[in-house]
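Peer 1: In case you want the letters, here they are:
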Amino acid sequence: MTSSLPLRAAVAAITLAVASCALALPAKVSVTPPSGARLLEGQRFDLRVEGLGTGPFRATLTLDGAPLAFTSGAQDTVETDGISPKEGTAQWGGFNVRGHAIRRPGPHLLEATFTDATGTVKVSSTIQVLGRRADRADRAGRGPPGHGDGVKNVIILLGDGMGVAHRTAGRIVKYGVSGGDPNGHLEMDALPGTGLVSTHSLNSVITDSAPGMACYSTGSHANNNQEGVYPAHVVSPFFQPRVEYMAEYLHRVKGASLGIVTTADVEDATPAANAVHTGNRNAGTGIVDQYLDEAGSSGLRVLLGGGRRWFLPAGRFGSSRTAATDYAGLPADLVAAWGLPAAAAGAADPARDLLGDFQRAGFAYVDSASALAGLRGHAPEKLLGLFGYGNMNVALDKVAKRRGTPLADGTYVVDHYHAPDQPMLDEMTEAALAVLSKDRDGFVLLVEGAHVDKQSHLMDADRAIGEVLELDAAVGVARRFAEAHRDTLVLVLADHECSGFSLIGGLVGGIDHLKALPSEAGALDPATVPARQAAVGIYEAAGFPRYAIQPDGYPATMDIDGKVLVGYGASGDRFETWLAKPLPVIDSLLPGDVKGELAMRGYGAEPVKRASDASGFFLRGHAPGLQAVHTAADIPLSAASPGSDAWLDFVGVQTNTDVFFKAMRAVLSGRD
Amino acid sequence: MLPLPAAFLLLIAAAPTAAPVTSPTSDEAKATALPSLPLDALVASGPHGLEASPQARALDGRRVRLVGHMAHLEEAPAGAFYLAPRPVECDEGGGGTADLPPDAVRVVVRSAGEAPVRWLPGLIEVTGRLQVGPAADAEGRVASFQLVLDRAADLAASPAPPAAP
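Protein chains in written order, with this note's numbering: chain Y, 1 to 672; chain Z, 1 to 165.
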């Protein structure tokens, strides 16, 4: 008998390999929208079936048992839709249904199969479609929506990162407290409807600003960093499956307009998550291009904020436009199904003169507060305002220029940014409303106070409070507009809370004493109580701080005896002085000074000092890094609708996506 | 661990146990003779808005000495940092470079490769070759001014510095 062991081993190996192949199935198979997604009756969205494996690929998709025809994705090919990438040695296969809509309210079952060279995987997803009209149960026993319940305009005032404590701090600073009662209330406090909103995203309890806004504007959760899209594996974030925005829906069905006002760069997540569909909030060039290229879908008529750098052709000083942050060639089925003009397919065109294109499209352009004020009384049909190259400056720094109170070296922060004449948020809101109110079909207006979040990240309490006051002034403008135009719904809310902002006490010992304290930067021994820690007056020692409010509505100074002191539950490492953060003055750059600075620098266990807090006592942060972070805390919502009872729908605890459906129903009730 | 240069260069090491900045050497004398320009003199108003100043354009391609503050970004660019006339804190990574002033200079630290450059507070001095005009990094972030930081080897081999403008 010849030795059959090598042959048996070879057969066994082959058998095992074949068996292994037979057991390997396509991986990461999914159907979009994900289970639990909610859509409004008639709201457009994309569906997608994808998986990772070895081609050729095939897929099927049914909706409530009925087959859905893919608009892209060639069966039995490796390429499928042509926009699904390779991943290592494997390949993604994708099949899409673009621009679908479901008109029947209720639960709907999506069932899909995805097949590759190794086998077939089945997946399913249950989504919910909500009717455009609230039923009796939704209206908590109130009568059906009638003629008097009309809402035509929706104004959303979003304080980025603004939690309950931020609002309380703004109230204390602006009005003070006597005998236990606030001496006054903020504009946002006066809205009759108060609710609490959970702020989670599709992939985390802690969101960022992109899905944080998109949940309000689409009714769908999104992954962090993504806006107006569902997650997917495609070669460009702009090709991800879309979900229709509030503004797009209302423009499509009733001709409503869209206005976006922000103190941030207009490319930033919160403003963009009202009109732009992308899985990358940092793709600045493509984001701003899409504002204009798809304005026919969103009804965009007002865009005010910072971010001039994205509107200048590449090569022009200050331009940030690049092909790397742009997109070209939206899939043909997406363009067709969403009714986009051919030009909206996009092009990698960093040299585009986007500012000129906006103007050629009929947008009046302003770049300063003076120019904006010059439009009063004769508002244009469309308005673009870009008041800085990047983010606009914070309220307290803008106010300082207006008051003529410079830094110690005689300069102004706004001048450092070459944006000496920037409008306040209430002025921008007023200008936006003057344009949008011309539209008899109504409008959606997003007003963002962006720097509550930004200054909270930096643990700069004084500037964060200044931002709350700036947003509140804009709320006042919105309230007065709604009183005059009673078919308006006003919502004040936040995308998330930032920093775990807490009002922990009041300064004891006096501000002059605090300013005179020596540096405690080296006091790292836990047994030593820093004098600045002892200066935190807690419980009754906090007293009632009294800020002197100037006619412009802002404090004369944030550094007062008994100033309210803020701690951070989601802090990064910092040195805390409790003082308003100054900007160091650079009078001259002498080599000797530089040598001295350099000699002090080195590496080791010494904690990093912020230049502006060099004398404060060290506080180890809760979160890694040197900035505070977002929290999962619910945020407060305030609502008003003078001409209807729609505001009642927003009372109570709700999820962030609930807000979308409530607002849409308020607008669409009574409309078939 | 990344190496450190002589005292007047700040080539930042990623590891906290890197060696401290060394005391001044004769190389510093060469550095201080380099042309220098305050950062806020890099930009001027022109007929079409802001533009690089004539002084900045005169230094394009030349080795220069700049002093400023390292901008503090939550998500620092790989192998580089931004130098600004005054302390700048840029919040939430998603905001990118939106809080940088127009006269910020991106300083490329070649020896850092793809590693982030550890943030240092306070005034710092850098020398290197200035590039005036837009330059994009690998992630598409554009800077109007870029300085390629000198390496220690470059300094040892460099000729006498040019006269200041």
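Derived by calculation from the structure, the hints in this document are not laboratory data.
No residue lacks a Cβ here, since even glycine has one placed at the ideal position from N, Cα and C.
Treat the hints with care, since some could be wrong.
Calculated from the model, a selection of chain Y residues having no Cβ within reach of chain Z, i.e. all distances over 10 Å [said to hold, decoys possible]:
(1) ALA264
(2) GLU267
(3) GLY318
(4) ASP349
(5) GLY390
(6) LEU458
(7) GLY625
(8) LEU626
Stretch by stretch, here's where chain Z covers chain Y in the computed footprint (C-beta under 8 Å, at least three residues) [to be verified]:
(9) 322-334
(10) 376-386
FRET-style restraints, in silico, Cβ to Cβ [as the list claims (entries may be wrong)]:
(11) Y:GLY329 to Z:ALA33: 49 to 59 Å
(12) Y:GLN128 to Z:GLY133: 13 to 23 Å
(13) Y:SER368 to Z:ASP60: 53 to 63 Å
(14) Z:ALA135 to Y:THR89: 45 to 55 Å
(15) Y:ALA343 to Z:ALA33: 31 to 41 Å
(16) Y:GLY374 to Z:ALA33: 25 to 35 Å
Peer 1: If a hint holds in the structure, say so; if it does not, say that too.
Peer 2: Here is how each hint holds up against the structure:
no., hint, result
1, ALA264, "violated (7 Å)"
2, GLU267, "violated (8 Å)"
3, GLY318, "violated (5 Å)"
4, ASP349, "holds (14 Å)"
5, GLY390, "violated (4 Å)"
6, LEU458, "violated (5 Å)"
7, GLY625, "violated (7 Å)"
8, LEU626, "violated (7 Å)"
9, 322-334, "holds (count 4)"
10, 376-386, "violated (count 0)"
11, Y:GLY329 to Z:ALA33: 49 to 59 Å, "holds (53 Å)"
12, Y:GLN128 to Z:GLY133: 13 to 23 Å, "violated (53 Å)"
13, Y:SER368 to Z:ASP60: 53 to 63 Å, "violated (30 Å)"
14, Z:ALA135 to Y:THR89: 45 to 55 Å, "violated (36 Å)"
15, Y:ALA343 to Z:ALA33: 31 to 41 Å, "violated (55 Å)"
16, Y:GLY374 to Z:ALA33: 25 to 35 Å, "violated (51 Å)"
Of the hints listed earlier, those the structure fails to meet are numbers 1, 2, 3, 5, 6, 7, 8, 10, 12, 13, 14, 15 and 16, in rising order.
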